[in-house]
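Student: Protein chains in written order, with this note's numbering: chain Y, 1 to 370; chain C, 1 to 324; chain U, 1 to 154.
Hints were generated in silico from the structure; no laboratory data involved.
With a cut-off of at most 20 Å between alpha-carbon atoms, the simulated PhoX-like pairs for lysine-lysine come out as follows:
1. K81/C to K139/C
2. K9/Y to K141/C
3. K88/Y to K325/Y
4. K325/Y to K297/Y
5. K48/U to K211/Y
6. K139/C to K9/Y
7. K25/U to K291/Y
8. K25/U to K325/Y
9. K25/U to K297/Y
10. K141/C to K81/C
11. K291/Y to K88/Y
12. K325/Y to K140/U
13. K25/U to K88/Y
14. K347/Y to K211/Y
15. K111/C to K176/C
16. K297/Y to K88/Y
17. K291/Y to K165/Y
18. K165/Y to K281/Y
19. K347/Y to K9/Y
20. K165/Y to K294/Y
According to the in silico footprint, chain Y covers these stretches of chain U (three or more CB under 8 Å from chain Y):
21. 95-104
22. 126-136
Ideal Cβ placement from N, Cα and C applies to all residues, glycine included.
Each chain is listed here by its residues.
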Amino acid sequence: MITSGIEEKTFVLNLGPQHPSTHGVLRVLLEMDGEYITAAEPVIGYGHRAHEHMAENRNYQQFLPNMGRVDYLHALAFNQGYCMAVEKLLGLEVPERAEYIRVITNELNRLTSHLLWFGAYLMDLGAFTPFLYCFDDREHILDLLDSLTGSRLTYCFYRFGGVPKDIDDDFISGTRAFIHRLRSRWADYDNLVTKNVIFIHRTKGVGLFTKEQCQLYGITGPSLRGSGIPYDIRKSEPYSAYPQFHFEIPIGENGDIYDRYIVRLREMEQSCRIIEQALNKLPKGPIMAEKVPKRIKPPEGEVYTAVETARGEFGIYIVSQGDVKPYRIKLRVPSFANLSLMVESFKDNLVADVVAILGSIDVVIPEIDR
Amino acid sequence: MDVLTHSLGSEGVRMIVGLIGVIALVSVNALFLIWMERKVAAHMQLRPGPMEVGPHGAIQTVCDAVKLMGKELITPEEVDKPIYYLAPIVVFLPVLLTFLVIPFSQTMVIKDLNVGIILILAFSSLSVLAILMAGWSSKNKYSVFGAIRSVAQNIAYEIPLLITVMSVILMVGSFKLTDIVVAQSRYWFILVQPLAFILYIICATAETNRTPFDLPEAESELVAGFHTEYSGMRFALFFLAEYTNMFIVSAVATVLFLGGWHGPILPGAIWFLLKVYALIFLIMWFRWTFPRVRFDQLVTFAWKILIPLSFVNLLLTALALKIF
Amino acid sequence: MLSESIPQALSPLNLEKVAPGDYAKTGYHLEVTATPEQMPAVAQALLKEGCFLESLTAVHTSREAFTLVYHFANFYELCRTAVHAVLPDGAEAPTISHVFPGADWYEREVYDLYGIKFAGHPNLKRLLLPEDADIHPLRKEFPAEAEAKAEAPK
Numbered sequence: 001m002i003t004s005g006i007e008e009k010t011f012v013l014n015l016g017p018q019h020p021s022t023h024g025v026l027r028v029l030l031e032m033d034g035e036y037i038t039a040a041e042p043v044i045g046y047g048h049r050a051h052e053h054m055a056e057n058r059n060y061q062q063f064l065p066n067m068g069r070v071d072y073l074h075a076l077a078f079n080q081g082y083c084m085a086v087e088k089l090l091g092l093e094v095p096e097r098a099e100y101i102r103v104i105t106n107e108l109n110r111l112t113s114h115l116l117w118f119g120a121y122l123m124d125l126g127a128f129t130p131f132l133y134c135f136d137d138r139e140h141i142l143d144l145l146d147s148l149t150g151s152r153l154t155y156c157f158y159r160f161g162g163v164p165k166d167i168d169d170d171f172i173s174g175t176r177a178f179i180h181r182l183r184s185r186w187a188d189y190d191n192l193v194t195k196n197v198i199f200i201h202r203t204k205g206v207g208l209f210t211k212e213q214c215q216l217y218g219i220t221g222p223s224l225r226g227s228g229i230p231y232d233i234r235k236s237e238p239y240s241a242y243p244q245f246h247f248e249i250p251i252g253e254n255g256d257i258y259d260r261y262i263v264r265l266r267e268m269e270q271s272c273r274i275i276e277q278a279l280n281k282l283p284k285g286p287i288m289a290e291k292v293p294k295r296i297k298p299p300e301g302e303v304y305t306a307v308e309t310a311r312g313e314f315g316i317y318i319v320s321q322g323d324v325k326p327y328r329i330k331l332r333v334p335s336f337a338n339l340s341l342m343v344e345s346f347k348d349n350l351v352a353d354v355v356a357i358l359g360s361i362d363v364v365i366p367e368i369d370r
Numbered sequence: 001m002d003v004l005t006h007s008l009g010s011e012g013v014r015m016i017v018g019l020i021g022v023i024a025l026v027s028v029n030a031l032f033l034i035w036m037e038r039k040v041a042a043h044m045q046l047r048p049g050p051m052e053v054g055p056h057g058a059i060q061t062v063c064d065a066v067k068l069m070g071k072e073l074i075t076p077e078e079v080d081k082p083i084y085y086l087a088p089i090v091v092f093l094p095v096l097l098t099f100l101v102i103p104f105s106q107t108m109v110i111k112d113l114n115v116g117i118i119l120i121l122a123f124s125s126l127s128v129l130a131i132l133m134a135g136w137s138s139k140n141k142y143s144v145f146g147a148i149r150s151v152a153q154n155i156a157y158e159i160p161l162l163i164t165v166m167s168v169i170l171m172v173g174s175f176k177l178t179d180i181v182v183a184q185s186r187y188w189f190i191l192v193q194p195l196a197f198i199l200y201i202i203c204a205t206a207e208t209n210r211t212p213f214d215l216p217e218a219e220s221e222l223v224a225g226f227h228t229e230y231s232g233m234r235f236a237l238f239f240l241a242e243y244t245n246m247f248i249v250s251a252v253a254t255v256l257f258l259g260g261w262h263g264p265i266l267p268g269a270i271w272f273l274l275k276v277y278a279l280i281f282l283i284m285w286f287r288w289t290f291p292r293v294r295f296d297q298l299v300t301f302a303w304k305i306l307i308p309l310s311f312v313n314l315l316l317t318a319l320a321l322k323i324f
Numbered sequence: 001m002l003s004e005s006i007p008q009a010l011s012p013l014n015l016e017k018v019a020p021g022d023y024a025k026t027g028y029h030l031e032v033t034a035t036p037e038q039m040p041a042v043a044q045a046l047l048k049e050g051c052f053l054e055s056l057t058a059v060h061t062s063r064e065a066f067t068l069v070y071h072f073a074n075f076y077e078l079c080r081t082a083v084h085a086v087l088p089d090g091a092e093a094p095t096i097s098h099v100f101p102g103a104d105w106y107e108r109e110v111y112d113l114y115g116i117k118f119a120g121h122p123n124l125k126r127l128l129l130p131e132d133a134d135i136h137p138l139r140k141e142f143p144a145e146a147e148a149k150a151e152a153p154k
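Just chain Y, with the same shape it has in the complex (with noise of 0.2 Å):
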């Protein structure tokens, strides 16, 4: 814990709020000697929402959109955790073509945001071409799910018991090209990035996440598989229709932020992978529940769903008083919990190191402030 504490040797550095590379408005700080960081003390909140303050006194169809506001950039992950987790209190059976639906607009979702981060990443350690390469793909996405669900980024599209609208030919042909067009790509991401030199020096056997401290901090995701453990929700806890498709866990070795880059780059192809199936596989059929009531009013009792975001587990625990406003509802985010170990890997790395280390995780502060 750093209170004003200037030791003789050492200073404190504030990182953030606002400074290039705390992806929203994160502050560390840091106290330092010389290059090396003796301690870590991360402020967060700068971005707080009161998202679950706001959920205890709107009613359950009034608080859908702020869940693409939570993880701005795996937005449809949140709509479908939560939309879930309503439909398991109301009891509702989401009809197969629907399923599809969620699953194909939530795997393009997740590679907008593994494209972001790929160049969000590279740009922390100092490359910024990559970062223009994957922001061209990620338009590509950008507009598909533009035409679908009306809006790039902060997404509103499911609804309980379903989806509201249909993809048509058009969406499917322009899902199918770019998915051709991404897995072109892999080789110039290679080249550009994996096997360059300098970035796997800057890379391998720094921020090491051991699997014990996992567990202990509860860490998700692409940083969890990174570490070697394959827990993957898509495939631990089966959700929707992903116990239809066949993919596979990227997982790493050693735990440090070059597994993690290769996890993520690997999840890309997977998510493209479970895209071309669902397009193959697309049933027909409604695409909302029949019987959905017009006052969502479920019964008491409480539920925790949870889903696999492109940072981690997004879980959701919904405590209902059978009145049409939730009682209680709490978000847990990924993120929170990657922080708070990230901070501790802090220690006695460079300042550089805390850039490449803060990059690998792939945070999304407003995730975390809520």
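Chain Y is fixed; fit chains C and U onto it per the hints.
Tutor: Just chains C and U, lined up with the frame of chain Y:
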């Protein structure tokens, strides 16, 4: 003209005309280089770059320069004022002076000193002093970081740079830049000194603080490094110095390794500039492809790899000269 | 099977309730009820079983009491354990941050939003709200948006 010649002597007139020429060249060159960097970066990043002002955005940088001149010069309250004001000037003047000895062609050289190469190396290492002044006086931790890094980096990379240059000097036996170029009339020294050329380019990239060695101003770590607190024209001077420095290290490389003004058909000066801009393109190419190295790696690389290698190269050169 | 070994590991603690949960309805495989004082021991037992702390939160159930809700899960086997612990208003709950360091921030968040103190916590400061805030907004007596607006001086 006669009056001028009479009162100053022909040498004096030559100096004044030369100086005016240099100042013009420095500004036009910087404007061109910034435009070039934008275009190079853009095309490497699959985008067109500036297109609006002038053909292919050629006048864009002129507009930016005008904008920078019109900007308010903000002086933060806590800064050490004299040093803070002086730093941009200190960074810029030595850069200007090095043009004195650069031979654009056989005759286009303002003052062909017999210690030309030493003068260039001496003056260009002054820029680190300016960076230290800027960083230290800004009263900003990020600036101080930038300044400290810059000093460590420049000391580390100056040594292999000098030793590499020495191996070329050994072959010519003169510090005079024109002599070095004349000695390459049969073949370019890059053919006999390929290792020296590679070492020189690496060190030059580090000396000019360009990616992958741009640690003093690493924007993702240090916001803007040593010039975080500078604005307007003062910032522009740092910017100008950076691009002019790039020109100078490339010009020296051209003189030492690429045969200076030698080349068929076209006039010497054109050949010289072509070679210089080709080298600058190379340095820009580095910037837009590589990530940044970490600070400890940077210093280790200089002390453990570059310096021994440059010594080996120097010894080999001496040995070869002794034998043949 | 964790759904068998966890109840076994918890049995020496004499907890109020250790029962299988209705997964289809609640998402829990095991439902446990404990007192806040038993929580460090429960956490220790679950840590030994290889579980990690998924989330920690509180619910302001009535005027007099809170319920602390702990969710545990496992990386290798699907078994979510929900532990409920009723805490009277004003009482302190012992921290589990020495067992799961990840609980450090969750407990700070609960303190921040509910004003529940965790005894033995190394750094119990506000997390999301400013350090000088004097509100605990998730308590039920805290006014909602619309009410707060109506009360605010014009």
